[in-house]
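Trainee: Protein chains in written order, with this note's numbering: chain A, 1 to 446; chain B, 447 to 645; chain C, 646 to 920.
Derived from the structure by calculation, the hints contain no laboratory data. Where a beta carbon is used, it is the ideal one built from N, C-alpha and C, also for glycine. Wrong hints could be hidden among the right ones.
[Unchecked claim] One side only, chain C facing chain A, incomplete, derived with CB under 7 Å:
no. : residue
1   : Gln713
2   : Ala714
3   : Glu724
4   : Asp725
5   : Arg727
6   : Glu797
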Amino acid sequence: MKLRNILGGRASPPSRRTRRPPPQVLCLAVLALLPLAASAQLDIVITRSTQRAIPIAVVPFEWRVTLGLPYDFAEIVEADLARTGQFAPMGRETMITRPTSFSEMRLTNWRIMDVEAVLVGHVSGSEANPTVEFELVDVYAGESLLVYRLQSSRDAFRATAHRIADLVYEQLTGARGMFSTRLAYVQVTPGREEFRLIVADADGQNPIVVLRSTDPIMSPSWSPDGAWLAYVSFEAGHAEVFVQEVATGQRRPLSPDRNSASAPAWSPDGRFLAVARNVNANSDIYIYPVDGGSPQRLTRHSATETEPEFSPDGDRVYFTSDRGIGPQVYVMPSRGGRAQRVSFTGSYNARPRLQPDRNQMAVVHQQDGRFRIGLMDLRDESLRLLTDGPLDESPSFAPNGRALIFGAGTTAGRGLGVYFIDSGVMRLLRAPEGILREPAWGPHEN
Amino acid sequence: MNFRKNTKACLPILLAVVLAACETSGTAAQPEPGPDPAGPDAATAAGGATAAGAGSGAIASGTVINREGPPVAAEPGRSASGDWIGGPQGTLVIYFDYDRSSIREEYSQVLQAHGAWLAANQGQAVRLEGHADERGTPEYNLALGSRRANAVTQALTALGAGSAQLNAVSFGEERPAAEGADEIAWSQNRRVELVYETN
Amino acid sequence: MKRTDWPVVAVALALAFVLAAPADAQRRRDREVLEELETRVGVLEQQIRADNVVALINAQDELRREIQALRDAVERLDEDLRRNAELRRSQFAALEERLVAMEARGFTPAPAGPQDVTGQAPGDADDAAEDTVPGDQPTEAAEPAIEAGSQENYEQARELLGQAQYQAAGAEFLRYLEANPGGGLAANARYWLGETFYVQGQYQEAGAEFARVVSDYPDSNKLADSLLKLGYTQDELGDTETATATLERVRQDFAGADAANLATIRLAQIEARSR
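Please take these sequences and the hints and turn them into a complete structure.
Mentor: Set out below in structure tokens:
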């Protein structure tokens with residue numbers, strides 16, 4: 001996919017005037033049931049936005065070359081933006097005109113609608129390999145924020161749409177978009193007859209089964225370049241860590257011995273995996289070279305050490321240990337050394353995941369029997385609970401740190417919870433059958 | 447013993463003893479519907495039971511004697527009342543309290559029976575599968591299941607099983623026995639399953 | 646052998662012969678009985694052993710949990726200590742900053758004489774007195790002349806304090822106070838003496854000095870600070886109730902002053918802690 005910024009985007013987001021109360025996001029409504037229904041995941045809103053969403057209009061792109069059924073790029077872009085809770089797209093039926101470029105727009109029409117930003121675009125060139133041109137317009141400033149031309153192809157229409165949404169999101173929020181990323185998660189079929197390792201788009205669409213097993217699959221983890229997955233499989237009768245190339249499906253065991261190994265986490269350079277290895281019923285953290293070689297034992301403690309996570313610079317490893325009365329988060333140098341306790345709030349903080357570029361860490365926090373996802377500030381150790389539980393687990397950050405996905409055990413149902421940190425919106429992804437669990441949000445891939 | 451020297455004098459005593467012996471073994475044997483006692487040696491009897499495999503009803507138990515005291519199992523794997531609580535036909539699931547890996551006292555006889563059975567059947571192996579309920583993180587539960595399996599391993603080792611016969615694994619919360627998000631389901635999922643390997 | 650004996654012998658032999666087999670059987674039965682008894686005892690022993698084994702394994706588990714609980718407590722205490730040390734470090738830093746700022750403003754202790762109205766009040770730079778113009782301080786300015794020798798003690802003590810030599814500083818403040826019990830800097834000297842104890846964690850001693858400032862120098866510009874620090878020491882000594890009352894008094898009596906703000910913060914910390 002070719003990418004070219006024709007005019008160059010302006011860094012600052014458009015002005016955000018508040019003229020009317022925040023648009024309501026539909027509560028408990030099925031929003032994104034796309035035509036691929038058979039394989040598609042259901043997406044449900046659990047909690048609404050607590051912030052004012054940016055009113056935006058995503059005008060359907062004009063196909064100037066269409067022969068068969070024109071692909072609706074704008075629909076995907078709009079759905080991506082709306083999902084975050086940070087944007088409130090206006091309905092198409094209320095659009096008075098449908099311009100396809102900035103020059104065709106009458107700004108007053110849009111100002112009347114209280115829309116702050118408008119995305120317009122058109123598709124030209126060949127039908128199989130069309131060129132998508134789009135422009136993001138700041139209605140009040142009356143200027144173009146972003147003008148791009150993207151080369152797409154028939155099998156990459158969705159990807160192109162997500163890419164456009166990424167660019168719009170970054171322009172309007174300042175944070176890199178996360179719509180072109182992928183998710184990995186485990187689907188457990190009814191009766192636990194089959195365990196499937198699935199890779200899907202960030203919106204839960206296009207799920208692809210990359211591994212099927214009658215034995216449990218656990219803890220998928222993306223390599224930093226997004227090309228590999230590490231995960232736990234029980235196919236040998238006990239927990240064992242495998243690495244698998246996503247594109248080819250080629251796989252090999254990382255820890256082919258009698259000891260069970262679990263909770264793989266990649267080092268930022270992609271050369272090592274931190275793994276919880278269970279020797280004589282004592283789980284400790286070991287560092288395995290991905291290309292083979294003997295593992296280095298990192299923790300040496302009779303308590304349970306598990307759920308490792310490298311710091312972004314790779315110098316430290318965070319992990320869960322129950323050397324205190326409940327599981328708590330500790331940190332130690334990745335070359336070995338003294339472990340220091342990090343979490344002190346309450347008696348259960350487990351499964352640390354660091355928020356990219358922030359001094360924050362997501363944990364599973366239990367209090368009064370409720371397991372909830374909390375966001376801990378690493379500087380002052382304060383804890384903010386994001387979800388209600390009662391059985392939430394396995395948090396994983398989007399690479400831009402603005403959202404996290406987790407295994408949701410809510411009263412409204414089970415599935416993959418997606419929490420958008422800026423808006424407070426929580427959504428639930430569910431499969432038509434079985435349970436989805438243990439999600440891992442993949443890295444930026446371009 | 448010198449009863450041969452004084453046969454006449456000893457005769458009544460001898461008879462009494464013989465009768466007594468006949469009586470005791472007779473009374474105990476009568477309620478047992480199975481075939482004849484396999485032999486006087488308890489270990490041999492148990493060995494025969496192993497060979498019989500799954501034929502549960504056909505297993506001999508001629509050595510159970512019944513006096514005033516509590517009934518006593520003389521055969522590895524059986525409870526005091528003669529039921530199988532150890533071995534492949536024994537109690538095969540041991541349940542645990544929430545977030546704990548300590549063994550409830552009620553299981554000590556069961557573990558003893560399994561330990562004795564394994565001691566008497568050195569060629570047999572058992573897989574100890576530790577499980578946890580769904581509460582808590584999956585990885586932490588994997589470790590918890592492992593601790594539970596290990597507790598049972600320790601007990602069986604101390605009660606006669608050889609360490610080569612035991613293989614502890616953990617499935618964490620991945621293979622619940624009961625589905626559901628309530629204490630009824632959870633209590634059934636916090637467990638160690640003894641899986642006797644068939645060979 | 647008599648003829649008549651024959652039958653007897655024959656019968657005896659026959660009996661012996663007949664009995665020989667049952668005797669063997671008998672022995673076997675005896676052995677069986679013994680074995681059964683042994684088994685019974687063995688089973689009983691095993692049952693007792695099984696109970697013991699389970700109890701032992703559980704005891705081990707119980708120990709593990711107890712160690713975990715202890716470790717948890719130690720880790721939490723460590724963390725509290727670390728935070729307190731951090732807090733104290735920041736307090737030192739603030740203290741030193743204040744001293745440096747004061748020196749930079751040309752603070753020189755009043756040489757002597759009521760005619761000297763330009764000399765800054767010999768409190769620290771953050772004192773309430775600082776806000777008032779020097780001329781508004783007749784009491785301070787009108788203090789009797791300070792002997793040169795003890796003045797040196799005071800200055801030296803302040804210098805030592807700046808160098809974090811708390812014990813030496815404390816000794817100098819004490820020397821000044823002994824030489825000059827009613828001197829113009831007595832309240833300040835006593836306050837700083839209290840500070841030297843406080844920063845060393847000698848809260849009992851620190852509290853006594855702060856309390857003396859409050860009782861002996863009710864008009865001193867060090868009153869608010871001393872009361873505040875008295876509250877701190879009471880809190881450090883675990884007397885939360887009295888500390889709360891003291892800090893509450895600072896907050897009400899000196900509303901608007903730094904001391905009152907600091908008291909409010911500390912009160913909030915105490916409340917947060919108790920939750």
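Trainee: It remains to establish, for every hint, whether it holds in the given structure.
Mentor: Results for each hint:
no.	hint	verdict
1	Gln713	5 Å, holds
2	Ala714	5 Å, holds
3	Glu724	6 Å, holds
4	Asp725	9 Å, violated
5	Arg727	10 Å, violated
6	Glu797	45 Å, violated
Violated hints for the displayed structure, listed by number in ascending order: 4, 5 and 6.
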